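Following the hints, put chain B in place on chain A, whose structure we already have.
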Amino acid sequence: MSSEAQSKNKNSVSQLILIISLGLLGLVIGFWLSLQLLNDGNDQKMPQNLEATVLPDARALVGFNLSDHDGGPFTPQQLQGQWSFLFFGFTHCPDVCPTALKVMQSVWKALPTKKGETGHPKLFFVSVDPDRDKPATLKQYVQYFHPEFNAVTGRLDELDKLTNQIGILYGYDDKDDGNDLEYTVNHSAQIILVDPLGRMRAVISPPHVPETISSNFQTIRTFYGDE
Amino acid sequence: MLLIKLFTRVFFVLALCIGTANADSAIKIENAWSPEAPPVAKVLAGYMTIHNLSDKDIKINNVKSSLFERVEIHITEMKNGMMKMVRQDNLNIKAKGHILLKPGGLHMMLIGKLKPVKAGSTIPLTLSFDNGETKTINLKVTTVPNHK
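Chains as they are written, first to last, in my numbering: chain A, 2 to 228; chain B, 203 to 350.
This is chain A alone, in the form it adopts within the complex (with noise of 0.2 Å):
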């Protein structure tokens, strides 16, 4: 092959690998814009760039009759006017729910919202282990750790209605012989988010992190109101 013809044929390489790079470029380009248009419309029904899980409907907690830790009621009317933190655990417990209620503890201490302002949420501490966590017990439990706290609990088929509805699991293992210390608790760790319609709206999983869950619910909390 001549030297021409060598160069010749280097140059139709050249513009073969040019051609199919601008053809690959125009590919990505076209499915980068398709993706942005379909986040778009995403983007307009849910927060986006969050931990936790957001309901794409809302949905309402009903039906349920339980008692908090002075023997006042806790019905869905509770759930009603705020935003609301669900945990479900119990007072026996070494190390989810102190966990998790330490979290909790900062993520009330970097509220930038008082108690009465709007926008301040509610936290229910809920006992899966009626028979053992009696109110007087569940209040000082739950409000060592925020005086601001709540804790309920009530029948097991009454709180079986609240935790068949939000998806949570709970049940004993070695709960037979008497002894109080003897049988231990399994439950989902879950932190629930409810809207001030008393509306499931968020599922917070663990591992907890404060500053994920403070800047998560305000983003909620911004996106949907406080109505």
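No lab work stands behind these hints: they were computed from the structure.
Each hint should be verified, as a subset may be incorrect.
Claimed, not checked - So the derived label-pair ranges between C-beta atoms look like this:
| # | chain 1 | residue 1 | chain 2 | residue 2 | range |
| --- | --- | --- | --- | --- | --- |
| 1 | A | 111 | B | 241 | 20 to 28 Å |
| 2 | B | 336 | A | 60 | 49 to 57 Å |
| 3 | A | 137 | B | 326 | 28 to 36 Å |
Stated by the list, open to error - For lysine-lysine, the following DSS-like pairs were computed, each having C-alpha atoms within a straight-line distance of at most 27 Å:
| # | chain 1 | residue 1 | chain 2 | residue 2 |
| --- | --- | --- | --- | --- |
| 4 | A | 140 | A | 176 |
| 5 | B | 281 | A | 103 |
| 6 | B | 286 | A | 140 |
| 7 | B | 286 | A | 176 |
| 8 | B | 315 | A | 135 |
| 9 | A | 140 | B | 296 |
| 10 | A | 110 | B | 320 |
| 11 | B | 317 | A | 176 |
| 12 | A | 103 | B | 337 |
| 13 | B | 281 | A | 110 |
| 14 | A | 116 | A | 140 |
| 15 | A | 123 | A | 110 |
| 16 | A | 116 | A | 103 |
| 17 | B | 304 | B | 281 |
| 18 | A | 110 | B | 266 |
| 19 | B | 261 | A | 103 |
| 20 | A | 110 | A | 140 |
| 21 | B | 230 | A | 135 |
| 22 | B | 342 | A | 176 |
| 23 | A | 103 | B | 244 |
| 24 | B | 286 | A | 162 |
| 25 | A | 103 | A | 123 |
| 26 | B | 281 | A | 162 |
| 27 | B | 244 | A | 135 |
| 28 | B | 315 | A | 103 |
| 29 | B | 337 | A | 135 |
| 30 | A | 140 | A | 115 |
Just so we're clear, the structure is a prediction, and the values are computed from it rather than from any experiment.
Just so it is clear, CB atoms sit at the ideal spot from N, CA and C, and this is done for glycine as well.
Just chain B, lined up with the frame of chain A:
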């Protein structure tokens, strides 16, 4: 006289042995702490790092504390959508390895509190191992989580 000398020697050698045994302990425990819990809580947790410096696996036979009815080792596991605590009897620490007890995972479950436990105080804990060693440590009770 000779007998006394012999006794002294035997005693000296024995003392040396015990001294060396301590210095050569195969177990090292670090960063032992317990989060302060509400005064009504009857069950607390203890966290720490336990190192096995030896060439052989070592198991934890038993743990006890004078401030609690009993102590068990548990691991928090996610099972069927629930957090479940699974008791870990005779927990093994691999040769030259360590185990980390931390919130949400392995922990000492301190059951049946006998006396009030407050931040700033300590909880004595005695661990016995299957290599014959026994270690008594103090868990620092603190309100500040220590995730080291």
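Now for the hints, and whether the structure bears them out:
1. A/111 <-> B/241: 20 to 28 Å: holds (26 Å)
2. B/336 <-> A/60: 49 to 57 Å: holds (55 Å)
3. A/137 <-> B/326: 28 to 36 Å: holds (30 Å)
4. A/140 <-> A/176: With Cα atoms ~24 Å apart, residue 140 of chain A and residue 176 of chain A stay inside 27 Å; holds.
5. B/281 <-> A/103: holds (23 Å)
6. B/286 <-> A/140: holds (25 Å)
7. B/286 <-> A/176: holds (14 Å)
8. B/315 <-> A/135: Holds: residue 315 of chain B and residue 135 of chain A sit about 18 Å apart, inside 27 Å.
9. A/140 <-> B/296: Distance ~43 Å between residue 140 of chain A and residue 296 of chain B Cα, so the pair is violated.
10. A/110 <-> B/320: holds (22 Å)
11. B/317 <-> A/176: holds (25 Å)
12. A/103 <-> B/337: Not OK: residue 103 of chain A and residue 337 of chain B at ~30 Å, beyond 27 Å, violated.
13. B/281 <-> A/110: Judged against 27 Å, a Cα distance of about 32 Å means the pair is violated.
14. A/116 <-> A/140: Distance ~18 Å between residue 116 of chain A and residue 140 of chain A Cα, so the pair holds.
15. A/123 <-> A/110: Given that 27 Å is the threshold and the Cα spacing comes to 13 Å, the pair holds.
16. A/116 <-> A/103: holds (19 Å)
17. B/304 <-> B/281: Status holds; Cα separation ~19 Å.
18. A/110 <-> B/266: violated (36 Å)
19. B/261 <-> A/103: violated (32 Å)
20. A/110 <-> A/140: Holds, because 19 Å separates the two Cα atoms, which is no more than 27 Å.
21. B/230 <-> A/135: violated (41 Å)
22. B/342 <-> A/176: Status violated; Cα separation ~32 Å.
23. A/103 <-> B/244: Holds: residue 103 of chain A and residue 244 of chain B sit about 17 Å apart, inside 27 Å.
24. B/286 <-> A/162: holds (22 Å)
25. A/103 <-> A/123: holds (15 Å)
26. B/281 <-> A/162: With Cα atoms ~22 Å apart, residue 281 of chain B and residue 162 of chain A stay inside 27 Å; holds.
27. B/244 <-> A/135: holds (14 Å)
28. B/315 <-> A/103: Given pair residue 315 of chain B, residue 103 of chain A holds - Cα atoms ~20 Å apart, limit 27 Å.
29. B/337 <-> A/135: Violated, at roughly 38 Å.
30. A/140 <-> A/115: Roughly 21 Å separates the two Cα atoms, so the pair holds.
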